[in-house]
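Here the protein sequences come in this chain order: P and E. Using numbering that gives the first Met the number 0, read the first sequence as starting at 0 and increasing by one per residue. Using numbering that gives the first Met the number 0, read the second sequence as starting at 0 and increasing by one per residue.
Just so you know, not all the hints are guaranteed correct.
Unchecked claim - Which bits of chain E does chain P cover? Going by a derived footprint, with three or more residues having C-beta under 8 Å, they are:
#, segment
1, 76–83
2, 131–144
3, 149–160
4, 257–271
5, 274–286
For the record, the hints were derived by calculation from the structure and aren't laboratory data. Backbone N, C-alpha and C define an ideal beta-carbon position, used for all residues, glycine too.
If you want the building blocks of each chain, they are given just below.
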Amino acid sequence: MGGEPGRKALDAALEDAPGARGRAPRRRWPQALGSYALTLLALVTLNFLLPRAMPGDPIEALAAEGSGGFTFGEQSRQALEEYYGLDGSLLEQYGSYLGRLARGDLGRSIATLAPVRDEISRRLPWTILLVGGSLLLATGIGLLTGVHAGWRRDRPLDRTLLTVLLAVRELPTFLLGSLLLFLFAVKLEWLPLAGAQDTFGSFGPVGKVVDIGRHLLLPLVVLGLGLAVGTYLVMRAGMVTQLGSDHLLLGQAKGLGQRRLKYRYAARNALLPVVSLAALQLGFAITGDVLVERVFTYPGLGRLLFDSLTARDYPVIQGVFLVVSVTVVTVNALADGLYRRLDPRTVA
Amino acid sequence: MAGSILASATAEAGDLAAPALDGGQRDGVLQRVARRPSGVVGLLLTTFVGVVSSFSGWIAPGDPFLLGNPALLPPSGGHRFGTDNLGRDLFRAVVHGMRTSMTVVVWVTVISAVIGITIGAVAGYRAGVVDRALMRVTELFQTIPRFFLALLAMSLFEPTLRTLIIVLGLTSWTLLARVVRAETLSIRTREYVESARAAGGNDVHILVHHVLPNILPTAIVVISLGASRVILLEAGLAFLGLSDQDRMSLGFLINNAQQFLEQAWWMSVFPGVAIVLAVLGINLLADTFNDVLNPLLRREPAGARGSILRMPGGEV
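Please build the complete structure, drawing on both the sequences and the hints.
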């Protein structure tokens with residue numbers, strides 16, 4: 000799905016990064032690591048403090064949620080406070096919270112009583128499939144169209160692509176999803192309406208893959224299309240910038256072929272911003288994923304989040320927030336490091 | 000690259016700051032925006048949405064949640080946009096939904112503009128330790144996934160418009176702060192700033208009278224680029240059921256319409272069109288601002304400019 004030119008260019012950029020093993024990057028990365036650790040701590044602290052800043056008594060709120068008008072005796076109240084880590088001073092609570100977190104304990108779901116970690120890891124594969132797939136799709140489409148459009152700037156192809164993709168950009172993901180769902184699942188009945196697989200069908204291994212693919216197709220396209228616009232625009236802009244550059248002119252003067260000029264000379268240099276863009280897009284993809292999963296009743300993290308919102312299942316909501324934000328921050332930090340290796344100029 | 004745009008404004012104020020870099024262009028920003036087709040459309044759409052939301056109570060009086068009409072009526076003279084599954088008048092609902100969108104956008108924009116410009120200008124002007132500290136804070140805020148934080152806050156606290164505005168306002172200023180800082184860094188060593196300092200101007204005076212006018216054009220571009228995304232965030236949260244129960248929201252309407260796609264197309268089409276119009280209007284305007292105020296990118300075709308700032312379609 001990566002697309003031949005995209006892959007080639009990426010490989011080339013990876014192996015050809017000058018200074019990748021040089022001395023300069025070393026100096027900077029401890030600092031980057033420090034700021035990454037600080038961000039993580041801030042996220043964890045935020046996740047700890049927010050529910051405690053809730054107005055009113057969380058235990059009372061809990062009682063009100065479940066069985067209205069129910070009041071606790073002193074003993075059950077203490078038990079509950081201990082259970083939810085709400086006993087002791089704020090600092091003690093924070094300490095035990097960090098301790099539990101370090102052990103991977105995210106608490107228990109109020110609705111199902113299952114550990115939040117299990118709830119999340121049960122749904123995670125579907126989200127990874129959807130988000131990862133759409134990022135690949137978006138990068139593939141974006142690179143291919145961006146390289147061609149930028150190379151043939153202002154030609155009909157470029158104009159058409161620009162118009163179509165800019166129009167896609169104006170549509171909110173969930174609106175686009177609703178429309179496609181209506182068209183392909185309700186009207187044409189080509190694709191399934193909801194879910195990630197057919198619960199009642201019995202398929203062989205191949206049939207299962209096909210079934211999962213059929214369920215995945217629409218959410219994947221909806222999510223991927225929105226993201227592809229970003230990659231496309233960045234890649235196109237990069238190519239356009241390359242067009243007038245001296246090294247391209249030199250290549251041309253040497254009589255190099257168009258293909259070589261386009262991919263090895265222009266695309267390769269224009270590729271750099273796409274690296275950091277892809278990481279940024281993970282954040283957007285996960286946000287979009289929550290909405291798309293709601294539209295297509297897809298059983299991933301987004302669906303879990305939505306169900307917990309409806310059930311006011313705070314531990315799960317918090318758990319998902321933590322997992323998502325930590326993932327996004329981590330990937331961005333990694334991309335930052337990669338970028339620094341790819342582009343020696345970023346090392347001052 | 001700043002300077003030219005507010006040249007007329009500052010000249011009017013009798014200020015010697017802001018030399019016109021590319022001479023001759025003494026027209027106001029709005030005039031130059033209005034000369035481009037995308038600018039005209041953007042202005043018209045944004046004005047339209049702004050007027051509708053400002054006068055929503057007059058255009059569609061009454062409670063948008065009011066039930067009592069026959070359910071699922073197609074659009075007709077009595078109900079221009081039809082009614083929904085509970086017999087709510089959709090015209091009224093859409094008009095009030097637009098108002099909610101615009102309320103959120105305006106407040107979030109104001110809050111984030113104040114924070115972003117202040118932090119960016121101070122960091123850039125002071126440089127050194129202050130700069131490093133402020134930029135570290137900015138980085139911190141930048142990495143927090145906004146949508147999820149808003150989602151968490153709306154579910155933990157009372158899901159009111161105020162909660163939403165505060166959370167989005169407090170998390171939407173980072174890009175602006177970075178851009179403003181970069182601009183300020185380049186401006187603080189210019190001659191007219193030096194001369195103002197030599198003439199005995201204190202820091203606040205210099206910031207307000209000499210730095211601010213020159214970073215404003217770039218700031219306007221960044222602010223307008225971010226505004227449409229706020230509409231989408233609000234709609235997205237409402238789509239998930241996280242909206243103020245007393246405020247009609249376009250996202251809420253679209254979510255509600257999903258089960259009735261086959262019976263009642265009007266339930267999703269009208270709120271959908273309303274969102275698209277609002278987003279499109281602001282985006283076109285932002286693109287044109289970028290075009291007019293950001294001379295470095297002027298040669299690129301409309302829409303392709305400012306792409307990295309814009310992160311199209313992605314967030315919602």
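When I compare C-beta atoms, does the segment 149–160 of chain E have three or more residues closer than 8 Å to chain P?
holds (count 7)
Within the assertion that chain P covers the segment 76–83 of chain E, do at least three residues meet a Cβ-to-Cβ distance smaller than 8 Å?
Coverage by chain P is violated for the segment 76–83 of chain E (0 residues, Cβ < 8 Å).
Quick check: the segment 274–286 of chain E, covered by chain P? Criterion 3+ residues, Cβ under 8 Å.
holds (count 5)
Between the segment 257–271 of chain E and chain P, see if three or more residues pass the 8 Å beta-carbon test, and mark the coverage as holds or violated.
The restraint on the segment 257–271 of chain E holds, since 5 of its residues have a Cβ under 8 Å from chain P and three suffice.
Coverage assertion for the segment 131–144 of chain E with respect to chain P, Cβ distance below 8 Å, three residues required:
Result for this restraint: holds, n = 6.
Figure legend: structure checked against the earlier numbered hints; the only hint not met is number 1.
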